[in-house]
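Student: As a plain string of letters, each chain reads:
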Amino acid sequence: KNEVEQSPQNLTAQEGEFITINCSYSVGISALHWLQQHPGGGIVSLFMLSSGKKKHGRLIATINIQEKHSSLHITASHPRDSAVYICAVTNFGNEKLTFGTGTRLTIIP
Amino acid sequence: EAQVTQNPRYLITVTGKKLTVTCSQNMNHEYMSWYRQDPGLGLRQIYYSMNVEVTDKGDVPEGYKVSRKEKRNFPLILESPSPNQTSLYFCASSLIHRGPYGYTFGSGTRLTVV
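Here the protein sequences line up with chains A and B, keeping their order.
Everything in the first sequence is counted per my numbering, starting at 1 for the first residue and increasing by one.
Everything in the second sequence is counted per my numbering, starting at 1 for the first residue and increasing by one.
Keep in mind that the hints were calculated from the coordinates and are not lab data.
Cβ coordinates follow ideal geometry from the N, Cα and C atoms, glycine included.
Hints are supplied without guarantee of correctness; some may be wrong.
To be verified - Output of the computed footprint for chain A on chain B, the stretches with three or more beta carbons under 8 Å from beta carbons of chain A:
(1) 31-42
(2) 53-59
(3) 102-113
Extracted from the complex, chain A is given alone in its bound form (with noise of 0.2 Å):
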């Protein structure tokens, strides 16, 4: 079993749709990060959180520490929001960090 599980793997909707992307992890951590890739192949660091939630424009990510849980929203959702978006922990103690494999995410106009 993974460190870190993303749900689901791909996912498809209409644009304007209210979008989830959750990870699950089974490690302690002191970190939960979100990231997006673009087709092209560069990263961006979207939140780094350690309790609670954050928002930024149109997307907002929360953490529960003690069911060890993540989620990614993204509203009113546009096409360029199509991407895969990777959640990934900063282990406890070791520093390191783990990935998951990533929600491939279309939005159709």
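Guided by the hints, dock chain B onto chain A, whose structure is given.
Tutor: Leaving out everything else, chain B in the frame of chain A:
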């Protein structure tokens, strides 16, 4: 412009020929790290560095070396590349690891070892 610069972007080499992929950041970041990305396996951490002269192994360090002699540079060295090191490589940096700061990633280096 604040950025992480990786070079080269693309590289095709032969088995056993030593190579270095450079990574440089202009943001005075303390933390730097290297990752490889493979289909079906996602991103995996190779090495990371918390500061100058401090480096640690990630999950897949075999076959790689790094050094951090200066804060801005963190080169990845493949002493004797093999075909299983064919991959997409990313370097990243962060101001203070575990702080309220995210990572800045380089544009990636696509390496093919034949």
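Student: Now tell me if each hint is right for this structure.
Tutor: Going through the hints against the structure:
1. 31-42: Holds: 5 residues of the region 31-42 of chain B have a Cβ under 8 Å from chain A.
2. 53-59: holds (count 3)
3. 102-113: Holds: 6 residues of the region 102-113 of chain B have a Cβ under 8 Å from chain A.
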